[in-house]
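*Asks:* Sequence:
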Amino acid sequence: MPTQFQLQQLSESLERKLLFDELHKTIYSTDASAYRMIPIAVAFPKTNEDIVKLMQFATQYKISLTPRTAGTSLAGQTVGSGIIVDVSKYFTSIISFDADKKTITVQPGVIRDELNLYLKPHGLFFGPNTSTSNRCMMGGMVGNNSSGTTSIRYGVTRDKIVEIKAILSDGSMVVFNEISSNDFIEKTKGNSLESKIYHTIYKELSNVENQKEIVKEFPKPEIHRRNTGYAVDLLLKSDLFSGLEPTINLGKLLCGSEGTLAFTTEITLKVDDLPPSNNVMVVAHFHTVQESLEAVVVAMKHHLYTCEMMDDTILDCTKNNREQSKNRLFIEGNPKAIMMFEVASDSMIDAENQANALIDDLQDGNFGYALIKLYGEDINKIIELRKAGLGLLGSIVGDNKAADSIEDTAVELSDLPNYIAEFAAMMKRYNQDAIYYAHAGAGELHLRPVLNLKKKEDVVLFRTIATEVALLVKKYRGSLSGEHGDGIVRGEFIPFMIGDKNYELLKRIKSAFDPNAILNIGKIVNTSKMDENLRVEAGRVEPEIQTIQDFSDSLGVLRLAEKCNGSGDCRKLPSAGGTLCPSYRATLNEKDTTRARANALREYLTNSEKDNKFNHKELYEVFELCVSCKACASECPSNVDVAALKAEFLYQYQKANGYSIRNRIFASNSKLNQLGSLLPSFTNFVVNLPIVKQSLGVATQREVPLLAKTTFRKWYKDECKSQEPRAKIQNGKVYLFCDEFTNYYDVSVGIDAFELLTKLGYEVVVINHEESGRAYISKGFLEEAQAIANKNVAIFKDLISEDTPLIGIEPSAILTFRDEYIRLAKDNEGAEKISKNALTIEEFFKKEITAGKIHSEQFSDVEKTIKIHGHCHQKSLSSVEATFAMLNLPKNSSVTIYNSGCCGMAGSFGYEKEHYDISMQMGEDTLFPKIRSTNSDTVIAAAGTSCRHQIFDGTNRKALHPVTILRDCLKYKI
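So for the sequence shown, the working numbering puts the first residue at 85; every next one is plus one.
Bear in mind the hints are in silico, worked out from the structure with no lab data behind them. Keep in mind the model is a prediction, meaning the values are calculated, not measured. Beta carbons: idealized from backbone N, C-alpha and C, even for Gly. Please note: incorrect hints may appear among the correct ones.
Unchecked claim - Beta-carbon label-pair distances, calculated as ranges:
{"id": "1", "residue 1": "Ser361", "residue 2": "Arg100", "range": "41 to 49 Å"}
{"id": "2", "residue 1": "Gly482", "residue 2": "Gly460", "range": "37 to 45 Å"}
{"id": "3", "residue 1": "Ile745", "residue 2": "Gly417", "range": "35 to 43 Å"}
{"id": "4", "residue 1": "Lys694", "residue 2": "Arg100", "range": "55 to 63 Å"}
What the hints assert, rightly or not - With a Cα cut of at most 27 Å, we get these calculated DSSO-like pairs of lysine-lysine:
{"id": "5", "residue 1": "Lys613", "residue 2": "Lys538"}
{"id": "6", "residue 1": "Lys701", "residue 2": "Lys997"}
{"id": "7", "residue 1": "Lys173", "residue 2": "Lys997"}
{"id": "8", "residue 1": "Lys701", "residue 2": "Lys798"}
{"id": "9", "residue 1": "Lys410", "residue 2": "Lys465"}
{"id": "10", "residue 1": "Lys304", "residue 2": "Lys287"}
{"id": "11", "residue 1": "Lys296", "residue 2": "Lys280"}
{"id": "12", "residue 1": "Lys793", "residue 2": "Lys465"}
{"id": "13", "residue 1": "Lys321", "residue 2": "Lys558"}
{"id": "14", "residue 1": "Lys798", "residue 2": "Lys755"}
{"id": "15", "residue 1": "Lys817", "residue 2": "Lys701"}
Please build the complete structure, drawing on both the sequences and the hints.
*Replies:* Spelled out as C-alpha cells, the structure:
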C-alpha cells in the first residue's frame, strides 16, 4: 500500500492533482449500488499520459484502478479499494463525426443525451437509452453494455461498437476494431501484450471443447440483453472459431467488461436515423402483474418502439414527489401495473392505425381494464416518470429499501410470464411483495425485494433470494445481468451461471489482458461476496441524532440522507432542463453534487465518534457551495432535501465552532435594516464603501442593495390614514405578508401589489408580524428562525383560511410557511394549517383567475413581450406556471418561461467575496446567455429580489417583479 508521501509524488506528476483527503475518499466510496469501499485516492486524468502514469503506479504498488464516469452503476462496478479514476470531467470531447458513415468518435466522459443533442441536427441519434441518459456517460455505457428502453428497436451498446482505443495494463496503446480473420492471426504473433491477448483468445476459443462448453452453458442466443461474464460467446460467430463471420472485433469483448480488461480512452460508435416523428403511447392498466406480462407477448407482435412496465409501488411513490406527481395525471384508478406500448411512424395516420390495432388485439385477449392513448408532451411526461423509477424507490421512508440483487435478470420473451409466475411464488414464500418495472418487451424486468440491510436476518435473505433467483434464471437459460452488469452483486454467481470451466476460461482471458491484476480488481472474476462491503452495517446500533428541525417525515435526519441511492440526477447539465444542481453545473466536481452532500452526511452521522457528529470540516467543505435552491427537494426522485440538511448542519456545526461576524450580519440583516432605514441615504453610502465591503468579506464587484427612502410598513400606515375613497371591496379580504425584502428594499413592489389588489376589488390587510426568518435559516441560525416561526404561526393561525389567504411577494419569504416552518414550528398543527393557504401572489392570481374573479377585461390591450425567470423556490415548492397565467391576463401579452436554472445569487451567497465567481458562473450556465439574446424591448419578469439583482449584475438588464408588470397593465387609473 503506498504511503501519503508516495501518493503526493504521484499527484505532482499528474496534470490534475490526485486527491486523497478524507472527504473525497468518502464521496467516492459509493455509487448507485448497495456497496461501500473506501479508496486510497481519487484521480482526475486530463491526458492519456496521466492514465499511463496511474497504471505504472498501480503496478508498482499492486493496487487496483477503477474507471468511473457518472458513478451510476448499480452492481458496484465503480467502487474499489485502490484508486478511483474519474474521467467525467476532462475526457468529455466529441473527437470526430462522419455523417455519411453514420459514425462518431467520443471520449468516455461524453454524456449520452449531450451526444444526441450534437447528432440531432444531422437527423441521427445514439439508440441505447438508459433511464440515466441525461447524466450517464459513454464510457459507463460501454463498460456495462447498457441498453435501456429502446433496445427492442435499436439494440444494445455492444451492437454500436465500431472501434475502441484503449490503454492496456502495461501502458501500451491499442486499437480494437473490426479486422479480418487473417489479420487476427497476424496479431497473435509477437511479444507485445496486445499480441499475447490475441494469442490467448485464439488458443482458448479454437479449442472445440471450450466452444461446446460455451454453447452449452451461456444464456440463450435469443436473449439479446445479456452481460454474464465476458462476451466470449459472441466471438464464436467468427469463422476463426467455427462460426460464419469473416471478421471479428475485440471491441465488442471490451463492451460489458466493466473496465477489467483495458482502460478505454476513445469510442467510435454507429448511430441511427432519428425515430419516426409521429408516435402514440398506449398505456395499458392491469389488475395484476401477471396479466400485464401475458399482454406483452401479444403486444410484441406489433412494431413497438417502447415496451416498458411500472408496478404500483413505483406509481405510489410518484404521488408524493413534487416533480413526478405532475407526470402521472393519465393514471386511471389504482392499477397493479401499467405497460407503456409506443408505436411510431412517419405518418400520424399510420401511427394512429397502429395504436388502434394494438388496442384491438389487447381487447380481444381481455387484457387491461383501461387502454389510454397519449400524444406529444404527455408521452414525454410518462417517459420521465418511467426514467425516475430507480430514484423514486429511494424515497421510500424508513430502513426497508428496494434492494439491488436480482434487479437485472433477462429471459427469452416467451418465457417471461412463466418465469415471473415462479418468481412471484418464490417471493410469496419469503413474505416479499417485490417491485416490478422496466423492459418487459425485452424479457427483462428490474425485480427488487424490499429488505432492511441494517438487519442481519435481511442480509441473509438478500443472499438467499439472490441464490434462488440465480437457480431460476439458469433454469430458463437466461442472463442474471441484462444491462446493469455483474459487478460485485452478481460476480460470485458467474461460475454457476456459465459453469466452472467457462469461468476458468474468463479468468485466463482476464489474466491475458491484465497480468499484473490492476484493472478494477474484484469485478466479473475473483469477486468478493455479494453480502460483503455493504453500504450499511448489519446489526449496528442506530445512532441517535438530536436535531432542532423536525425530520420525522423521514424518520430522522440520518434516514433523510440515506434516501440518496446514488442515481445521480444531480449531475445533469443545463441542457437537460431544470435547476438541479447549480453548484455541480458550475464546477463539474462530484464534491458539489447533492449526492456527495447526502453521502458525506450519512457517512459522518453514522461513523463519527464525536458527540456532535456534525462537527467535521469535511462536511463544511461539501456543503459550502450548496445554494439551498431546493431543486433537490423536487427534481431528485428520492426527495433528498439537501437545503434542509444544510441548514441543520450549519446550525450544529456553528454551535461547536462559533458564528462569523459576516454570517451574523447577513442573518440579522432585517434587524440591521430597521436601524439603517432611519437614515437610509447615509446607510447606503457607508455599506457600499469599498473598505467596508472588504472588511466584511463582501465582493467589491457587487453593489449592496439600497434601502428605500421609506419602508413599506410606513407607507401602508400612512396609506391607511388617507381619507381618499378606496375601490369597492367585492372580492374579499387578503393578508399581505410584509417580508423583510419588500419592507426595506423593494417598497415600490409592495406598493404595486397593494394597489393592484385593491383596484381589483380586494381588501388588503397588513398586520404586525415577524420577518420570515429566511436569512436566519440560510445561515444556520435555527434557534432564531424557530422563534420567528413560532411567533408567526401564533399570529396567523387563526386568521388565515381559504377565504382569507396569506399572500407573499418575495417567494423565498412566503414559502417558508410551506416548507421550513413545518420543520421548525412547535405548533405543527398550526403551521400545517397556515401552509395550505400561504400563497405566492402569482398563485393567488391563478386561483382567482380560475374562480372568475380576475379577468382579461380589467387590463389594457397594449402589446408586450415578457420572458419569465422563475425563482428556485418557486420552481421547487410552487409553480412558475402561476406567473405565466398571471402575466397572460392582458390579451396582447406574449409570455414565455425561460428554462433558466438557478441565477446563482442565492441570497447572500453571491455577495460573499469567495463565492462571487462561482455565483456568476451559475448565472452564465443558462440565465445570462438567454437574457443577453433577448430583444431589448422584451420585459424580463423575476419574482425574486436576489434574481433581479443578479440579472442586473450579470447582464445590465433590469428585471421587474410580475406584480409591477401587471399593475402597469391595469385599465383603471391609480
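*Asks:* Now look at each hint and say whether the structure bears it out.
*Replies:* Hint by hint, here is what the structure shows:
1. Distance hint check: the CB atoms of Ser361 and Arg100 are about 43 Å apart, consistent with the given range 41 to 49 Å.
2. At about 38 Å, the CB distance of Gly482 to Gly460 agrees with the hint of 37 to 45 Å.
3. Separated by about 59 Å at the C-beta atoms, Ile745 and Gly417 break the suggested range of 35 to 43 Å.
4. At roughly 32 Å, the beta carbons of Lys694 and Arg100 sit outside the given window of 55 to 63 Å.
5. In summary, the hint linking Lys613 to Lys538 is supported, as the alpha carbons are separated by about 17 Å, within the 27 Å threshold.
6. A distance of roughly 20 Å separates the Cα atoms of Lys701 and Lys997; the hinted pair therefore holds under the 27 Å criterion.
7. Note on Lys173 and Lys997: the hinted pairing holds, with a Cα-Cα distance of about 26 Å set against a maximum of 27 Å.
8. Distance restraint check for Lys701 and Lys798: the Cα-Cα separation of roughly 45 Å exceeds the 27 Å cut-off, and the hinted pair is therefore not satisfied.
9. About 8 Å separates the Cα atoms of Lys410 and Lys465, which keeps this hinted pair within 27 Å; it holds.
10. For the hint pairing Lys304 with Lys287, the CA-to-CA distance comes to about 24 Å; that is within 27 Å, so the pair holds.
11. As the CA atoms of Lys296 and Lys280 are separated by approximately 24 Å, the hinted pair is consistent with the 27 Å bound.
12. About 48 Å separates the Cα atoms of Lys793 and Lys465, which puts this hinted pair outside 27 Å; it is violated.
13. With a CA separation close to 23 Å, the supplied pair Lys321 and Lys558 stays within the 27 Å bound.
14. Among the hinted pairs, Lys798 with Lys755 is consistent with the structure: their alpha-carbon atoms are about 16 Å apart, no more than 27 Å.
15. A distance of roughly 50 Å separates the Cα atoms of Lys817 and Lys701; the hinted pair therefore is violated under the 27 Å criterion.
In terms of the numbered hints stated before, the structure departs from hints 3, 4, 8, 12, 15, listed from lowest to highest.
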